[in-house]
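**Student:** Listed below, chain by chain, are the residues.
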Amino acid sequence: QVQLQQSGAELAKPGSSVKISCKASGYTFTSYYISWIKQTTGQGLEYIGYINTGSGGTNYNEKFKGKATLTVDKSSSTAFMQLSSLTPDDSAVYYCASLGARGFAYWGQGTLVTVSS
Amino acid sequence: DIQMTQSPSFLSATVGDRVTINCKASQNINKYLNWYQQKLGEAPKRLIYNTNSLQTGIPSRFSGSGSGTDYTLTISSLQPEDVATYFCLQHNSGPYTFGAGTKLELK
Chain D
264 QVQLQQSGAE
274 LAKPGSSVKI
284 SCKASGYTFT
294 SYYISWIKQT
304 TGQGLEYIGY
314 INTGSGGTNY
324 NEKFKGKATL
334 TVDKSSSTAF
344 MQLSSLTPDD
354 SAVYYCASLG
364 ARGFAYWGQG
374 TLVTVSS
Chain W
723 DIQMTQSPSF
733 LSATVGDRVT
743 INCKASQNIN
753 KYLNWYQQKL
763 GEAPKRLIYN
773 TNSLQTGIPS
783 RFSGSGSGTD
793 YTLTISSLQP
803 EDVATYFCLQ
813 HNSGPYTFGA
823 GTKLELK
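Residue numbers (our numbering), protein chains in the order written: chain D, 264 to 380; chain W, 723 to 829.
Among the clues, some could well be false.
With a straight-line cut-off of 25 Å between C-alpha atoms, the simulated BS3-like cross-links for lysine-lysine are [stated by the list, open to error]:
(1) W:K829 - W:K761
(2) W:K746 - W:K825
(3) D:K286 - W:K767
(4) D:K326 - W:K746
(5) W:K761 - D:K286
These aren't lab readings, by the way, just hints derived from the structure by calculation.
Hey, can you work out the whole structure from these sequences and the hints?
**Tutor:** As structure tokens, then:
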């Protein structure tokens, strides 16, 4: 079955960076793009962007340009998202999700990022 | 960006009730509208894609309808396991945007 397994919770200091991983299994990795979504109590769900798992090409929501960097390692069927220059506003649960013509299909379990000094 | 206005934000209903949740887009999204269910502490699960197509494995009491800017998720007979937050997603054009969610509880 399709699974997206994300890395564990992160506690980071303001100004630092974190890198979250999303390992896919149960399907051909390059069949779907991987998207990233931010969830907070205040702002709800926000689309960050996607990466083409075949070419490595990316598309970002303007709001997250400069904040998020998406990469992929096809050899390990893993997508990554790096968040830089962290502030408390970046504290959230971040999800990866497979993206196809039918929108976001399968989601990872989420990674909690807490930014605090 | 396309704004998705979801209503109601909170819904209390009884087992067996017919429940409807609505999403209104700020412009035509050509039926590229999905519905998701999120239970507490879990990842979202897709229920409906492209307005009215039922995801494999989802009970048939869930259905979707709509066109243009207005879309509806219907639960024909509410079950206890349907307690969750529901939200819509438009994937017609980027950036993809979500409704704010409807928290569904049992009365």
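**Student:** Please name the hints from earlier in the document that this structure breaks, with their numbers sorted from lowest to highest.
**Tutor:** Of the numbered hints, all hold.
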